[in-house]
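Asker: Here are the chains, one letter per residue:
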Amino acid sequence: MFGWLFPRKSMAQDLTVRPEEPEGKSKSTSVNKTQRKLAILEWRDRWELAVDDFLKPHQNRLMLEIKQILESKSFIDSLFRSRRILRDDVEPVIQTWVANTSTDFIEKASREALSVLRQHGGPIQVSNSIESLAENRQAYKDIADLAATIGPAAAAIVAIPTAVSGSIVSAGGLLGLLGVTVIAWPFAIASGVVITFTLMTAAFRASSFKQRALNRLFKKISAYVDELTFGRIEIASPTTQESGGLCGNLQRIIRETAEAQLHTEDTE
Amino acid sequence: MNDYLFQVPERFIAALQSGQMTRFGGILKDNATGRIVGHLQETGLSNSLMNSVMGGPLAPVTTISSLGANYQLAAVTKMLGMMQVLQFATLGASIAGLGVSAVGFSILNRKINRIGDSVEAIHERVKKDFRWIKLSRMRDSINDLRGLTDTAEHLQGLDRVKHDWVKLGSRFRERSGRIRSELEYIIDQPSFDDELFKSYLGALCVSNTLASKCFIFGNDYERAHSHAELISEKYDDLFSRLSPRTLLEKMGIETKYMTQDHKNQATEKIQFIRDLQATASTFPALIARLDDAGICGSEYLRRLREDDTNSIVVIDAS
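Residue numbers (the working numbering), protein chains in the order written: chain A, 1 to 268; chain B, 1001 to 1318.
Hint data in this document are derived by calculation from the structure and do not stem from the laboratory. Keep in mind it's a predicted model, so treat the numbers as computed, not measured. Note that beta-carbon positions come from the ideal geometry of N, C-alpha and C, so glycine has one too. There's no promise every hint is true.
[Stated by the list, open to error] One-sided excerpt, in silico: chain A residues whose CB lies under 7 angstroms from chain B:
| hint | residue |
| --- | --- |
| 1 | Thr34 |
| 2 | Gln35 |
| 3 | Leu41 |
| 4 | Asp45 |
| 5 | Glu48 |
| 6 | Cys247 |
[What the hints assert, rightly or not] Rough simulated footprint, nothing fancy, chain A against chain B, three-plus residues with beta-carbon under 8 angstroms:
| hint | stretch |
| --- | --- |
| 7 | 1245-1257 |
| 8 | 1274-1288 |
Please put together the full structure from these sequences, using the hints given.
Answerer: Structure follows, in structure tokens:
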């Protein structure tokens, strides 16, 4: 039907002949590799954009939980013990929230990354066992409990080596990178919470009405959580020494994970 | 062999719809073996339809902005149907070029002129801006491209000019390298100028298209292949760093304030760029296939340009 192609004319005769490639195979391999790389980029693009939509409902639930905590407090507590409320009740909730929310997000993103990589074949740098992430998830909870009882600084010292051995060794590559970064956050933010809240509490002591005091406290906590989630309150990452809010850190994890996998593709 | 080298895409529809085969960039792949089954190649018809009746490269495949004569309506409907089967989300690949560009030099020259006008307009506007020097350089590159394309048009009417085609191709390749550097500078800026980016990207695509066309006209498949590989590699370097999020941040929209509309628009832009990367990455395989089949470059391009029946054809990979 399309028999209109002519053989190459004589002017092509002086062309240097390219070395023959094994038919089909090498071309397909190179195309498959690019297809995998683009699939990784697509994963990165999608999850980087998904972070805020993921965090917003979680943040709303956290604030609801904090509101309930504040409302359960007595008149005396709300007027004179706001610092204690923040330290004993609010701070642990925020720490646990950061750990759980990050883990949830990373778990979902990791599952999809594994599925994308499996679909396109080729090297998978991450562990095939998603269960290892579930084990790490338990570790986050244990460490968060520890942080609440023995204090953030001590917990941080305990937690970081645990995170390094627990995540990198068991999960390796992709999941290791995700795990290490996340696991240190609750402890890194803890001291920041105390300092910020100490300053805040001074303003509340003079308040004469419980509800008014609680409302103001809630408003401040809300602003703080907002800043922690989307703003510039620093959550240090032990892997990169960079800092940023929770949203920024999750985006960075996605980016770094994609970069690591792309690097693997290039060096394979 | 030449009798069965080309296939119409309809032959592959069932396999594409059943998921036995997928399209990636400019190729059709067998999902079970991962092997290339065919190479997509646009014809002159797809370009004339695109330019005359459709809403441009970023239009959704389902969109027809205006329709001309009835015969065009039938051809456009057929082409859109085909692009949907081939899983194109936007008409972006038409800019990247599915296969060797079937567009004539005079049309490419008009494209360069349009890009030149747009650069000129930005140049006027930013007279006191630091970008002025960059834009001045860009204007020079565009003028260069215009001159070289005129030469290409002239060469087309002459016989036995292989050496001239290759020389011209190399000059287009050199210009493309310069434009790429400028584009890299724009991408790495903390703020994103969409208008400037589009102009430079257009100039880059056109200069690469011209270089490839010249090498194919000159039957120098070795250079055409090496240029195609270079484009693929450089597009990868250049565009992988861009994502919808970085684009929006460069436009001054913080994550917290990104609306769904913002995200959709940025994702569409990036999707277009990924289409470019994908088609560029599959281009070397097509060149190798044409070389293997011993096809005469100038004849290949002439026939593609003159095809008024099929907007896309498939070159059998086996």
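Asker: Take the hints in turn and mark each one as holding or not.
Answerer: These are the hints, each one checked on the structure:
1. Thr34: holds, 4 angstroms
2. Gln35: holds, 5 angstroms
3. Leu41: Hint holds; Leu41/A Cβ to chain B Cβ min 6 angstroms, cut 7 angstroms.
4. Asp45: At 5 angstroms from the nearest chain B Cβ, Asp45/A passes the 7 angstroms test, so the hint holds.
5. Glu48: holds, 4 angstroms
6. Cys247: holds, 6 angstroms
7. 1245-1257: Since three or more residues must qualify, the claim that chain A covers the stretch 1245-1257 of chain B holds, with 4 doing so at under 8 angstroms.
8. 1274-1288: Per the Cβ count (8), the hint holds.
Checked against the numbered hints given earlier, this structure breaks none of them.
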